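So you can see what is in the structure, the chains are spelled out below.
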Amino acid sequence: MIRVKNLSITLGSFVMKDINLEVNTGEYFILIGPTGCGKTVLIETLVGIRKPDSGEIWINNQNVTYQFPEDRNVGYLPQDFALFPNMTVEANIAFGLKARRREKKYIRTVINRLAESLSISHLLLRYTQGLSGGEKQRVALARALATEPGVIFLDEPLSSVDENSREILCNELKEIHSRFKTTFIHVSHSFEEVSEMADRIAVINGGAVEQVDTVENIMYHPVNRFVAQFTRTKNIFEGTISGNEILINENIRLKTIYKTTGNVLITIRQEVIKILEELKEEYDNVFRGKIVKLTKRNNIVSIVIDIGIPITLYTMDYELVERIKSKSIVYIMIPRESINVINI
Amino acid sequence: MSGSRWFVYVLYAITILFIVSVCWLFLSNIGYTDTQSVLELFSRPWFWKSVKLSLLTSCVTTIIAIVVGIPASYALSRFNIPGKTIIDVLFASVIVLPASTIGLCLMVAFQYEPILKIQQALGIRIVHSMPSIIIAQLVLALAFGIKAWRAAFDDVNPRYEHVARSLGSSRMRTFWKVTLPSAKVGILAGIVLAWTRAMAEFGAVLLFSSTFRNRHETQFSHISKFLGIDRADILPVGMWMEIEGGNIEQGIAIGFVLVIITLLSVYALNKISGKGLQTNKI
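Read top to bottom, the protein sequences are chains A and B. Mapping of the first sequence onto the numbering used here: residues 1 to 344, in sequence order. Mapping of the second sequence onto the numbering used here: residues 1 to 282, in sequence order.
Hints in this document: simulated from the structure, not taken from any laboratory. These figures come from a predicted structure and were not determined experimentally. Treat the hints with caution; some may be incorrect.
Claimed, not checked - Example chain B residues on the side facing chain A (calculated, C-beta under 8 Å, incomplete):
hint : residue
1    : 125
2    : 128
3    : 157
4    : 160
5    : 163
6    : 164
7    : 165
8    : 166
9    : 167
10   : 168
11   : 169
12   : 170
13   : 173
14   : 178
15   : 270
As the list claims (entries may be wrong) - Within a straight-line C-alpha distance of at most 27 Å, the following computed DSS-like cross-link-like pairs (lysine-lysine) qualify:
hint : chain 1 : residue 1 : chain 2 : residue 2
16   : A       : 280       : A       : 259
17   : B       : 177       : A       : 105
18   : A       : 280       : A       : 290
19   : B       : 184       : A       : 98
20   : B       : 147       : B       : 177
21   : A       : 98        : B       : 177
Ideal Cβ positions, reconstructed from N, Cα and C, are used throughout, including at glycine.
All chains should be modelled from the sequences, with the hints used to inform the complete structure.
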């Protein structure tokens, strides 16, 4: 388990304050946030490249806060993988084992096992220049895995590859993680890129952790406007709640499962809103509106409907889209359990 | 004719003019010497002593520069040393200052306290002694070497070192196994540059060490005599002495020897750079 307690880091004028995180053994944990939010600074501090101002870092029941990187037993994959250019692939993988003065026979066994497992046996005698993005990633992972680290830190490993390769590399990472069962802490700036890989996610903004939760909870129950916007929630409104009814404006009243009072921020995921072809009495939160925009991207149709406020919904039901396209007025239903309410 | 074509022609013309000028600079001097003067120079014992002294001092200087300069360059490249900007300015100043000014500074520094006291305590005198040649060469060689070595270390991605250390490699092992090999082209270029600068040094050596050829035999140590470098000057000083003494032909002949040594060094430098890049492409 990796535990970060009240960690504070200063880098020039940039400050990260009171960072608290717990990552379970074997978990695929993702640190996510916009560029400049401090996620790379945090990961470099966890690796041991930077020193924190205060706080503690525990890796597998050992306080490593002031240990050098070489004493932490961690793996680190920076953005460009940083494969040593003066060594062959084989020497790259053996590097950590040689630093630990392991026997030659043992080193050979580990290299062969990892090379076979990661399908890089044919690359062992090559230098690292000229390897493809995927090959580089697998060599870097083999190098990190060779020393059996307690955790592997990956700093935006998918940022320098094209969109087609990204999906393949994502799948490879997830597959390697599940095969080796090592704890992975992966830094990314794109929610879409990593949402399918993560067991849990920490959303970071402006040097602070905004929310730590499962992908589903981060998407459907963001704790503030930033997390909702960062996870691409399209429907974010302010309103007033009384009992279980939210008043957004004079005409828009939404029923929710939450009971509270006061001003609230509500978030509704675009995937949960339904277009109705027939009205039933048991439905609530049904609104009549006008289609104002309809766009298709990556097999998903995005429809903006004006019900007094603009509501965006996503659908993959192309037949339904064809049927409603010509209609100027449609009905939509917002399930009350999918309305996320945040007190403000 | 288009403007682009004219622009290219002008560039070619300037380049050719420059190449011809440099060649003429060297070749024009041939007329002022002859085979007899060169052979006469080669027959003089002091000349070969000068060659030996120049090679010996420049090699020792380069070794000291490597031992001191490479670690210093690495520290300057990687650590937040206080006053880094001032250090940079100082090194740059040494490069651009007239070498004779450096020689003068060295002479003053070594003739007054506290360095004078240290010399007295050790029973030695540096100014106008043979070891002073190495000190004078070293100042210049270090300034040039550190400039090149620091640039070489700056070019090495620090992430290599971060990854190496995360894999359990100590800072020192990381330096030897990752940083230094990655910077080898720049490091070798810096070594050649430092050696060439030491070999060609004149002004600082003349002021700080003076000349040796006309000194009495008793003024030289047993080591100098054993090494066969007594009563000899480094080649640039030897050349100057010949010209001062009116032996223009022999002065020019020494100049040619220096030109050949320099050309070979620069050729080696280019070869090293080229070879290094090819190795990385494997």
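Tested hints:
1. 125: Given a least distance of 47 Å, the restraint on residue 125/B is violated.
2. 128: Nearest chain A Cβ about 46 Å off; hint violated.
3. 157: With Cβ-Cβ at 6 Å, under 8 Å, it holds.
4. 160: Where the cut-off is 8 Å and the nearest Cβ of chain A is about 5 Å from residue 160/B, the hint holds.
5. 163: holds, 5 Å
6. 164: This interface hint holds because 7 Å falls under the 8 Å limit.
7. 165: With Cβ-Cβ at 4 Å, under 8 Å, it holds.
8. 166: Nearest chain A Cβ about 4 Å off; hint holds.
9. 167: Given a least distance of 3 Å, the restraint on residue 167/B holds.
10. 168: Holds, about 4 Å.
11. 169: holds, 4 Å
12. 170: Nearest chain A Cβ about 6 Å off; hint holds.
13. 173: holds, 6 Å
14. 178: holds, 6 Å
15. 270: Nearest chain A Cβ about 21 Å off; hint violated.
16. 280/A / 259/A: holds, 25 Å
17. 177/B / 105/A: Measuring from Cα to Cα gives roughly 21 Å; hence the hint holds.
18. 280/A / 290/A: holds, 20 Å
19. 184/B / 98/A: Distance of about 22 Å is within 27 Å: holds.
20. 147/B / 177/B: Judged against 27 Å, a Cα distance of about 22 Å means the pair holds.
21. 98/A / 177/B: Given pair residue 98/A, residue 177/B holds - Cα atoms ~11 Å apart, limit 27 Å.
This entry does not satisfy hints 1, 2, 15, going by the numbered hints stated previously.
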